[in-house]
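Take the given structure of chain A and dock chain B to it, following the hints.
2 protein chains.
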Amino acid sequence: MLELKHLPVSSFNENIAYIHRDCPVYKIDNIKTMTRIEIHGGAAPVYAFLQIVDSSKIIRPDELGLNTEAFRQIGLPEGSRVSLTLTPPAPSLASVRRKIAGNILSPKEYEDIVADISARRYSNMDIASFLVAAGSFITPNELLSLTEALRGDRIIDWGSEEIVADHHCLGEIPGNKADLIVTAIVAAYGLPMPKTVSRSLSGCTGAADTMEILAGTDLDVRSLKKQVLEKRGAIVNPEGLDIAAADKIISAVEQQNGLATLERSIASVLASKMAAGITHLLIDIPVGPRARVRSTQEAMRLRKLIEYVGDMMEINVDVVITDGSEPIGFGLGAALEARDVMKVLKNKEDAPDDLKEKSLFLAGRILEFDPKLRGGQGYVVARELLKSGKALDAMEQIIKSQGKVKEQVRLGHLTRDVVADVDGTVKKIDNAFMTRLCVLCGGGQYPGAGVDLFKKTGDQVTAGDILYRIYSCNQNDFAFAGTVLESGKSGFEIGK
Amino acid sequence: MLELKHLPVSSFNENIAYIHRDCPVYKIDNIKTMTRIEIHGGAAPVYAFLQIVDSSKIIRPDELGLNTEAFRQIGLPEGSRVSLTLTPPAPSLASVRRKIAGNILSPKEYEDIVADISARRYSNMDIASFLVAAGSFITPNELLSLTEALRGDRIIDWGSEEIVADHHCLGEIPGNKADLIVTAIVAAYGLPMPKTVSRSLSGCTGAADTMEILAGTDLDVRSLKKQVLEKRGAIVNPEGLDIAAADKIISAVEQQNGLATLERSIASVLASKMAAGITHLLIDIPVGPRARVRSTQEAMRLRKLIEYVGDMMEINVDVVITDGSEPIGFGLGAALEARDVMKVLKNKEDAPDDLKEKSLFLAGRILEFDPKLRGGQGYVVARELLKSGKALDAMEQIIKSQGKVKEQVRLGHLTRDVVADVDGTVKKIDNAFMTRLCVLCGGGQYPGAGVDLFKKTGDQVTAGDILYRIYSCNQNDFAFAGTVLESGKSGFEIGK
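Top line first, the protein sequences correspond to chains A and B. Those letters in the first sequence? Residues 1 to 496, by the numbering used here. Those letters in the second sequence? Residues 1 to 496, by the numbering used here.
With the rest of the complex left out, here is chain A (with noise of 0.2 Å):
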């Protein structure tokens, strides 16, 4: 037996134990590679990867150490008593290398894969291989058994509501925060909507992030029935939710190393949606030469897989193909993106148009899964609350709900403006650039730092004036999205 011993050392998604190269109950001198290991004392044996420590400052030969994360899975205190054994790499990583080999792998198998996933009995290392894998060849079969597993046994219970809807944006386009707007239009027509929202994945924002420049995010499966059916909405970090564990660890291996392919990414959403107990879901392909997705064709093809599989675990989908040509509203960046979001809601004339259209019609879609509207009419309806503030009303509520943010987000002090170099129109403004200028300004890290865009396509511009400014928090940050443009490129297309 060992002691316990919490290493508070944040590790990223693995667990790791510790274990000092005399320890007396395990002789190391053999290990060469990275080895498994079995941990016995808590509710139920934690799986870890072994690390030696050769200083007993940090680890005594009787001690074992946990990282953060394994030590908060074992759920006992320091000092414990555990014993650990060796233990044979997951049984489902022979179907992983048999999905590596080409293979179609059955319902069970998916199933066995993310059973092992969600007991973290899998590396980033096995995760990633098993995401290429499958990332490169599934069949529609597959992807539903994927995302059958993904979505677990564990569904919160909406009672006797006959809707529960949601909507996902797959392929973030920059700025694009209808998200927010929709559930504030939807919420005020009564029809509950528990939106959740993912921080930043391989984009500059996630709406996670910028609903954090409003209010919490961060509700308990209790809290959020409890708003979504007084407050009839809710915008929450699904992380804080005890659902769809697996698809949590694979997600945060995605984010790593930005490998998410799109059959991934529907597994994920319809899985981690249903989960959420939603009975109708709006799901938007925005396309675009620069969007993640690039052809009408590909994105008829992703809406016959989601249909597909939708259809077959019974959940009300509405597929729509968008226009994802260039960034939408004004602000990249969270507090860029919030203060969009809300000038929309407060029907402001700065207001940036194509991100209040595109709610509008978005809500107007979701409102049509009730029956009593009419072909049409939904548009018209969520025009009328945007208008008469009763979404804003809604909003209000959310936030309040979810508990308002107390200090405003200030921009980053750093700042750089982009100018036009001729005169003319702006023909193209190229989403991947903008996108990875956000990200290297910081974007995805810093809530107050992002692209504030001054030119939209389609706008008059004169040499010398501003297209867009950029906003970082720290000096890093800057210096890299510097290196970007120093290239010469803006990123913005200027013709006559």
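Honestly, I wouldn't trust all of these hints.
A pair holds if it fits inside one copy or across any two, identical chains being indistinguishable in the list.
As the list claims (entries may be wrong) - Here are the simulated lysine to any residue pairs, SDA-like style, with alpha carbons at most 20 Å apart: (1) 489 / 88; (2) 5 / 57; (3) 428 / 305; (4) 5 / 54; (5) 348 / 413; (6) 489 / 91; (7) 57 / 252; (8) 57 / 6; (9) 57 / 79; (10) 387 / 407; (11) 5 / 371; (12) 343 / 81; (13) 343 / 409; (14) 5 / 55; (15) 57 / 68; (16) 5 / 52; (17) 57 / 78; (18) 406 / 86; (19) 496 / 460.
It is worth saying that the hints were derived from the structure and are not from the lab. This one's a predicted model, so the numbers in the text were calculated from it and none came from an experiment.
Then chain B, alone, in the frame of chain A:
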């Protein structure tokens, strides 16, 4: 600036940097995921992945901790002043993503990927992603590019030697340690053979593990050259040779998750042998229903690939396809294999005949690289060198020169006999089963662990006869091996 501290933690392969959450130099609040940093202060920047520490007992806020791997690489004493900057993901990861999407990469892209891996800018997760992506689809020209990149520019120079020979078996067959006998015969003939041998990868024992039962295998380039030029042979672990650095890093990842594809193995073998200055290479592809290569057709495909890459890179390759249907020799596991090898070299009556014949065949093919030998003479000369004891002399000189091991390894103290349950003839022995058994009983980690075969295919058995004996060095491994046997399977097929 931060103060450098060595955190003596072995993390296997990855550079890890530890900073305190209150580090004044870099604000940590916003780090939600694995972050890549660049550490300045040493001869060259060192890349590492950041982990966050919440206790000043481990790392003070003004310190930067490096794990053993990174500390070794930076080459500075503790207390040195270093600075850190965040670094964007390695630029070549864009190529990995292109490969995942099914594209063909250019030679320059492979070069950049390999350079970034050498510089430790890839996490294990990134390397695994690359392996899976390149493993599922790679063209012959891409394989050539990968091999050239892995070989690198640091090539051991053998001066005026016209032939420098080596041999590699693609797809481990349990028990097969012909490599050691072949080296002794070729050295006895007088052709220089700096045999590089690896540690156990997916199999039960690498030839390096077996050789270490007899002698040290860690030579630097200087001692390797001296020994081969004088004694004509060496059997060394390339870990200590400063060549093909990226290949070693990639192999370590493959070792951790068993992802090695045959294509990657070809690139790895050709690259590392060429970096070792080999001019003539014999590659053996054993084929069997439970071997790594399962059909002659597949072996032929690999042969063409090897010949193509070998020809383009101007190394003489001879590829032979051999019988890989059952284990070779009696012992599986380092100590038992070393016993078999020495029995063959000593012409003992109870030496395993299949190991002897395979060694003579391979050695004969290598000897025929010598233009002075007529076709077919190689085998005869090899047999004579073995029979006369000259090969044994050569091996003893190699052992003496590399440093004879003082203490004899004892076989594991935990043993279990597996017996025949019927009378009959051994029809088949399942390679994959025996490998798995040998891995689980500790063969990959403990030199004294392994499986000793008492019967081979074609032998008569009576119910109750011992088929094989398992040796384990600890209770854990012994129990793992037991679980495989509980299914009632023995890996032997006995028929009439």
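**Asked** Given a CA cutoff of 20 Å, do residue 57 and residue 252 count as a within-copy pair, a between-copy pair, both, or neither?
**Response** Neither, since 32 Å and 29 Å both go past 20 Å.
**Asked** Should residue 489 paired with residue 88 be assigned to within, between, both, or neither, using CA atoms and 20 Å as the limit?
**Response** So residue 489 and residue 88 pass the 20 Å test across copies only (19 Å; inside, 52 Å).
**Message:** Within, between, both or neither: how does the pair residue 428, residue 305 come out at a Cα-Cα threshold of 20 Å?
**Reply:** Result: close neither inside a copy nor across copies, 31 Å intra and 46 Å inter.
**Prompt:** Between copies, within a copy, both or neither: which fits residue 5 and residue 371 at Cα up to 20 Å?
**Reply:** neither (58 Å within a copy, 66 Å between copies)
**Request:** At 20 Å max between alpha carbons, let me know whether residue 406 reaches residue 86 within a copy, between copies, both or neither.
**Result:** neither (49 Å within a copy, 30 Å between copies)
**Prompt:** How would you label the pair residue 57, residue 68 (within, between, both, or neither) given a Cα cut-off of 20 Å?
**Reply:** Both. Shortest intra-copy (18 Å) and inter-copy (15 Å) distances satisfy the 20 Å Cα cut-off.
**Asked** How would you label the pair residue 343, residue 81 (within, between, both, or neither) given a Cα cut-off of 20 Å?
**Response** Neither: 57 Å inside a chain and 49 Å across chains, both beyond 20 Å.
**Asked** When no copy is specified for residue 57 and residue 78, does a C-alpha distance of 20 Å or less occur within a copy, between copies, both, or neither?
**Response** Answer is both; intra-copy 16 Å and inter-copy 16 Å each pass.
**Same-copy or cross-copy closeness of residue 5 to residue 52 [CA-CA at most 20 Å]** = Both. Shortest intra-copy (15 Å) and inter-copy (17 Å) distances satisfy the 20 Å Cα cut-off.
**Item:** Homo-oligomer pair classification [residue 57, residue 5; C-alpha up to 20 Å]
**Value:** both (12 Å within a copy, 13 Å between copies)
**Request:** At 20 Å max between alpha carbons, let me know whether residue 5 reaches residue 54 within a copy, between copies, both or neither.
**Result:** both (16 Å within a copy, 14 Å between copies)
**Request:** Since the copies are identical, ignore which copy is meant and state whether residue 496 and residue 460 lie within 20 Å (CA to CA) inside a copy, between copies, both or neither.
**Result:** within (9 Å within a copy, 90 Å between copies)
Hints 3, 5, 7, 10, 11, 12 and 18 from the earlier list are contradicted by this structure; the remaining hints agree with it.
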